[in-house]
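Enquirer: Chain by chain, the residues run as shown.
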Amino acid sequence: MRSSPKLLGPLLGLVAASVWAQAPIRVAQAPNSTAPLAWIETVEGAWVEGPAGRVVTVELPPGAGIERLAATRRGWIAAGVRPDPPGQEIYLLESKEGVLSELPALPPRVGAARGQPLPVMRGLELAGLLWLVGGRYDELTVWAAAWTGTGWGRPEEVSPPATGQQTGLAAAVLEDGSWLAVWAADDLEGDAEILWSRRGEAGWSPPAQLNPPNRVPDYAVTVAATRGGGALVVWNTFDGQDYRLRQARLLPNGGWALTGAFGRKGSHRPYFLAGAQGLALVYREAERAAWVVQEVGAAGAAGRHSVISGTPAVPPLVDLLDPDAPRAIWPAGVLGEAAIDAVAPWGPPQ
Amino acid sequence: MRSGLLGATLAAGLLAALAASPATADDFTVAAFGDSITQGSCCPQVSPYDYQQQLAASLSASGWCAPDTCSLHNRGLAAEETSGGITRLRDTVLPNPPAGQTWDLVLLMEGTNDIFNGRPISAIKANLLAMDEDAIEVGVDVLHASVIQFHPWVSDATQRPASCTQGGVKNWAKTWVTNLRTEIISYTAARNRYFADQASELCPAGTDRHGHSETTCFSLHYNEKCVVGHPGNDGFDMLGLRFFETMTASPKPAAPTVLTPAGGAAFCGDPPTFDFTKGAGEHATFYEIDIDSGAWREWLQEVDFRAGEPDLCQPDSSPDNDCSLASPLAHGDGAHQWRVRGRNPGGFGPWSAVASYTVATSPTGPVTTLTAPAGCQGGNTPSFTWGEIAGATSYRLLVELSGGGTVHDQTYAAGAVCAGSVCTASPGLSLASDVYTWKVRALNPCEAPWSASQGFTVPPATAPSANSPSGELVIGDPVYRWSSVPGASDYELEVREDGSPQALTPAPPYAAGSTCAGALCQVQPSSPTLSVGPGYTWKVRALEATCPGPWSAERAMERVSCDATDPLVQESATVTTVQAPVRGCGELRAGNVTGAGDFVVGNGGDVTHHAAGPLVLYNGFSVLTGGAYTGRADR
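Taken in order, these protein sequences are the chains called E and Z.
Just so we're aligned, residue -16 is where the first sequence starts under the numbering used here, counting upward by one.
Just so we're aligned, residue 80 is where the second sequence starts under the numbering used here, counting upward by one.
Treat the hints as calculated values from the structure; they're not laboratory data.
Please read these numbers as outputs of a predicted model, since none were measured by experiment.
No false leads were slipped in.
Below are the DMTMM-like pairs computed for lysine to aspartate or glutamate, each with C-alpha atoms no more than 20 Å apart in a straight line: (1) Z:K253 with E:E122; (2) Z:K253 with Z:D276; (3) Z:K253 with E:D67; (4) E:K248 with Z:E216; (5) E:K248 with Z:E212; (6) Z:K253 with E:E72; (7) E:K248 with Z:D170; (8) Z:K518 with Z:E479; (9) Z:K253 with E:D121; (10) E:K248 with Z:D213.
Input sequences plus hints: build the corresponding full structure.
Expert: Given below as structure tokens:
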């Protein structure tokens, strides 16, 4: 169970004293849940962590892992990969009313292996799945299939092999029901750029580059639908010295509005969370060894922000339920036998 | 395996001792930078352990490090991706080495979490290169490492401890580790960086170099308490040994050879460059130059082989082994010495020989005493003498014509021209007769102001030839004629009565410009008036300004009375044939010569050829050639 005392201020020193500090873990937080919900894998095992602690411990098949978690009306859906010699295969677990089951398998694969499954959610409903297919890392293709409620629709190729590696899928279902997919792909110069494609009634649009052409890496992209039919896309981009964040806003007319780089030095690994007040952007900031939580308006305007500094680089479970202060939580078993949490009050927009 | 090596406890103690040792000039301080695999053991079931313990023990046991000279420092951060590692390395780790030490080497092994989270290989590579450049920029070498393999899925669940629920396979992570390894090998080769192949060490596909199959390797060397993709203690030891082998297998650079400055060379301000020749054999990533001006100072300069950027050294492939480094250090006055050594991930090579030089930051005062030459110079190969200036290492001598033009500009080492308090330079000049100025300035080697200029004159070196009068003459105010001396400004004539110690002159010097025409000079001074009776001698010498050259040979002369029997050329006489000799006593004024031809007036052996034209001739004369003459002779 989580320890009750709040830990304010620098946390790194405390963590460094723990022999648990190096625990390899994955905290895959459900981006669409207003309550903190995460899939956690540690040396102790794998489980789903909810606001009150462990929801359920899951025994995975040998060699299997979970990569993404999404909240549903009556539980959650987890997507991962497991060995399927000579390759690997995608599988999805669903917890409904506390009952764990595996969703039907995807239609027969068309490539050597499938991975990076990404549940595409329409609110708290599973709308479909995005994934990668391929053998060589630089020949991966992006695929998608709709979820009918009982099975999968016909897989569709979103992006053929690009000039280099395609990876880091993110997607959102917009208000009009269309899907917006974004990911990173190498360009002709070998540096990663952000590509996007939108699926409407006519199918998937040809992949197009979202960020301005440059010679620096752009990747770790995240996307969220916004009220009014738009969407926000954020990724980390290298400014020649450090990573910072960049935002693009999908306008109702289908165009894009890009902002300049924002965030302090070493801002990276962004992801959107659904908060009680709306969207929140969470990212790691290396300069202050902080996890930063930033409220974001539908038009992309920055709202309040919270800097939870002096914290481990291990991703926390972010709790936005407290209206006054976001909380970063490392559940028991992640960084030690006891849970650790740190809070930092909301500050004015920056 | 750790058999035969120091145990964890002993190694940990040794590491602590190394880290606490005082800094010395040869300290080798290493930052182990990376993520959780660098940070150390990952499970609560095991004691804290990392690869640096084995590395420290191996370095010490092998003698690679002299006692108390190497220290290894864990700068790993669990879960870090390379995008955050850039900022942490540059802003937190590199500026903050252990107290009293400077970083020499970063062991860079990061990217596992990037792959784990599906980041592009190209971005990971770019981030590792950014970290490399940041470290190199501040003089810290980088030993790159591939990341270790993710633990493969284990088909037989019974092979895993019951507490473990996942095997660590993440998408194509296993393949992507190999892809990243290929990229790292490529760019480390291109940049002359060193590379520790940890991906092959622990646990490659197939059989590793220890003969373990992949499955056996994982069971032996990954976390023995739980299969989570991190090494166990044995695995950490293998990583440490691989780093150790890479460092120690990298030959240290051979000793360079210093070129300049050397030999006590003196500089005004910092020497412009420090030039040396690379040692043969293994290349250096950096060169460290020490400057001793009482206490050794040191700095590192990257050996930069990247295209498009200024090179410190020619590439190893170049036949030119020279390196040239601009001095970034401000020198003080006085004697200095320097030396250089190379450094690579294998450590420091031996020092070069020590070379010496001196530096001055401000000039001495000006030279105030110019002794010689001054005024009239006795000869045309002057030596220049001035008073010595304390601190001067050399002197610059400048000799110029007074009318403009440099005759001599030479710098002389003080040690070669000065003795006691006097400096004398004998440049071996052969100066023409003229007026000159000279000046000198002291250098230490900063240039002091010039001294005041001092003039001197080189007199004519040759004497004119006194032509006439000579022998008997019939008038008392004869015309004195002599051959000109090239370059002379004036002439001085002296007439003396035989037996008299006193000259009847001096007459004022006669300006060459108004006295001479071509090779002939002549004057008819108003005094002295020669008397009939006594004998006289006369001589002439050339002057440069007021400085006389040697006297001509003396000419003897005697005034005699004319008598009526002496032939006289009449006015308007026409000499149509040679009349030899026609001798006159009196004055011949030959002017308005008509007809063709010149005429020659001879007086004994002194024959002068005159062009037609207005002419005044005095003295005894002979008309030797035919022609038309208009003139008269007056007694």
